[in-house]
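There are 2 protein chains.
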Amino acid sequence: MNASTPKRLRVDLLPQPGLAYPDVVLVVDVIRATTTAAAFLEAGASAIYVSAGLEQARAFKDHDVVIAGEEGGLTPAGFDYGNSPREALEAPVTGKTVVMATTNGTRAAHLAAATAKHVLLASLYNAHAAARLANDLATEEVAILCAGAGGRVGLDDTYTAGVLAEFIQLMGSYDLQDGTLIALATRRTYPDPLEPLSLSLAAKSLQRVGLEADVPFCARIAASPAVPVLEGRVGEALIFRRYQPQRAGAASSEG
Amino acid sequence: MNASTPKRLRVDLLPQPGLAYPDVVLVVDVIRATTTAAAFLEAGASAIYVSAGLEQARAFKDHDVVIAGEEGGLTPAGFDYGNSPREALEAPVTGKTVVMATTNGTRAAHLAAATAKHVLLASLYNAHAAARLANDLATEEVAILCAGAGGRVGLDDTYTAGVLAEFIQLMGSYDLQDGTLIALATRRTYPDPLEPLSLSLAAKSLQRVGLEADVPFCARIAASPAVPVLEGRVGEALIFRRYQPQRAGAASSEG
Ligand SMILES: [Ca+2]
Ligand SMILES: [Ca+2]
Ligand SMILES: [Ca+2]
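As given, the protein sequences belong to chains A and B, one line each in that order. Heads up, my numbering is the position in the first sequence plus 23, with the first residue counted as 1. Heads up, my numbering is the position in the second sequence plus 23, with the first residue counted as 1.
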């Protein structure tokens with residue numbers, strides 16, 4: 024690719040099984056999986072495994088492995104934690120692996136991992152760091168893949184994509200695509216992130232189970248520099264670790 | 024359904040195979056299929072058949088049937104017309120059936136027709152009339168289904184959905200969903216409809232084949248009262264006719 028060719032900044036508002044990702048993907052499930060994943064890294068977790076399902080997550084449980092996830096918004100039976108970023112940030116997980124099993128975020132992460140060179144988990148919480156890293160890694164395209172919910176677009180994820188796109192545009196020259204312009208329009212319509220997040224179906228679902236206090240946490244912009252980056256796989260799970268520039272080129276310690 | 028319950032105003036930014044539509048659907052492929060369909064009715068066509076494909080369309084050709092469609096933006100071999108609304112409005116089709124075969128609009132129309140009670144073809148060109156009719160027909164939900172292009176959302180279709188949603192909200196009390204708020208945000212970001220339509224991938228594709236003069240036609244808001252409404256099927260084709268309130272309850276003249 025010619026160095027003078029602008030990179031593409033692409034936003035896909037829903038995972039579509041046929042789509043391929045040639046370069047960098049920022050996976051967004053802001054309420055709550057990708058926010059919670061960054062919060063577990065902030066709390067000191069050494070790795071996040073994104074599991075393909077609840078049963079697969081249970082099979083990982085071990086003395087140095089905790090499992091976190093949700094089923095209808097709540098902590099599944101036998102799990103150590105739910106999918107709450109507030110709970111994740113306070114969890115005693117230093118040096119531990121956290122296996123996460125959620126619904127929409129898991130599907131989007133696996134779709135991205137099937138083809139992309141680099142997969143990052145992004146949210147408002149780590150928006151600056153994730154945008155910067157995506158811009159640094161990309162040679163051709165930054166794609167922001169929104170998880171949505173049950174095959175429907177999410178206002179929360181689309182807004183977050185707009186925030187990320189705005190940051191990325193500040194750092195480089197990008198061709199914008201239709202989904203990107205829609206996400207940017209959504210971002211510009213709501214100056215306060217708490218408004219679109221609170222209006223989203225995802226927030227309304229949390230209200231029904233009494234977890235609405237997670238929404239203001241998910242609405243904080245750029246509070247954390249922790250960006251989960253895909254490093255490999257174990258079985259059907261995706262292994263994410265905190266991006267650390269000095270580790271580039273070093274052998275992975277994963278057995 | 025309780026008469027005091029607000030209806031839902033839903034926007035789906037992409038056709039998703041699993042989604043069901045319980046009530047009214049406005050199918051939007053503004054550049055160009057749903058604009059062109061209304062233009063053919065304006066020109067006097069008695070019916071629009073939305074065909075499942077090019078070959079199926081060719082099989083309909085007859086002395087009182089013309090076929091229109093596109094392949095890579097251009098008129099397919101053996102077709103009478105392309106998919107240009109400018110050409111459609113001038114076409115000598117009074118009393119004739121027009122069989123249309125396009126890609127994205129066809130797929131969305133067939134998805135809607137699989138479950139919905141009422142399917143209307145909507146565009147900016149017939150936006151007022153289509154919004155009014157959708158509001159009149161709906162008892163439970165108005166869904167606006169955007170065709171998109173190749174599994175990606177379209178800025179043009181999303182903007183048009185926002186214009187339709189704005190009109191529908193003026194006429195009744197509706198619960199808005201995430202997709203609706205995204206479409207409304209997109210609509211409010213661009214006061215001039217020509218701007219989002221011109222920025223869309225669909226418009227750029229027309230430029231490549233020299234048909235960019237269709238874009239300003241597609242950007243005219245509420246220039247026509249002609250709304251194609253699904254009345255039945257013939258084989259794999261969907262039969263749309265101009266909505267005429269006085270025909271309600273009358274026997275169809277279709278053989
Ligand atoms: Ca979510
Ligand atoms: Ca162990
Ligand atoms: Ca189109």
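To be clear, the hints were calculated from the coordinates, so they are not data collected in a lab. Quick caveat: nothing in here was measured; it's all calculated off a predicted structure. Among the hints, erroneous ones may be present.
The list cannot tell twin chains apart, which means a pair is met if one copy fits it or any two copies do.
When the alpha-carbon atoms are kept at most 20 Å apart in a straight line, the in silico SDA-like pairs for lysine to any residue are as follows [said to hold, decoys possible]: (1) K30 / R175; (2) K227 / T28; (3) K30 / L199; (4) K30 / H86.
Each hint, compared with the structure:
1. K30 / R175: Between copies only: 18 Å across chains, 28 Å inside a chain, cut-off 20 Å.
2. K227 / T28: Only across copies: K227 and T28 sit 18 Å apart there, 43 Å inside one copy, limit 20 Å.
3. K30 / L199: So K30 and L199 pass the 20 Å test inside one copy only (9 Å; across, 35 Å).
4. K30 / H86: For K30 and H86, the Cα distance exceeds 20 Å both inside one copy (44 Å) and across copies (52 Å).
Hint 4 from the earlier list is the only one contradicted by this structure; the remaining hints agree with it.
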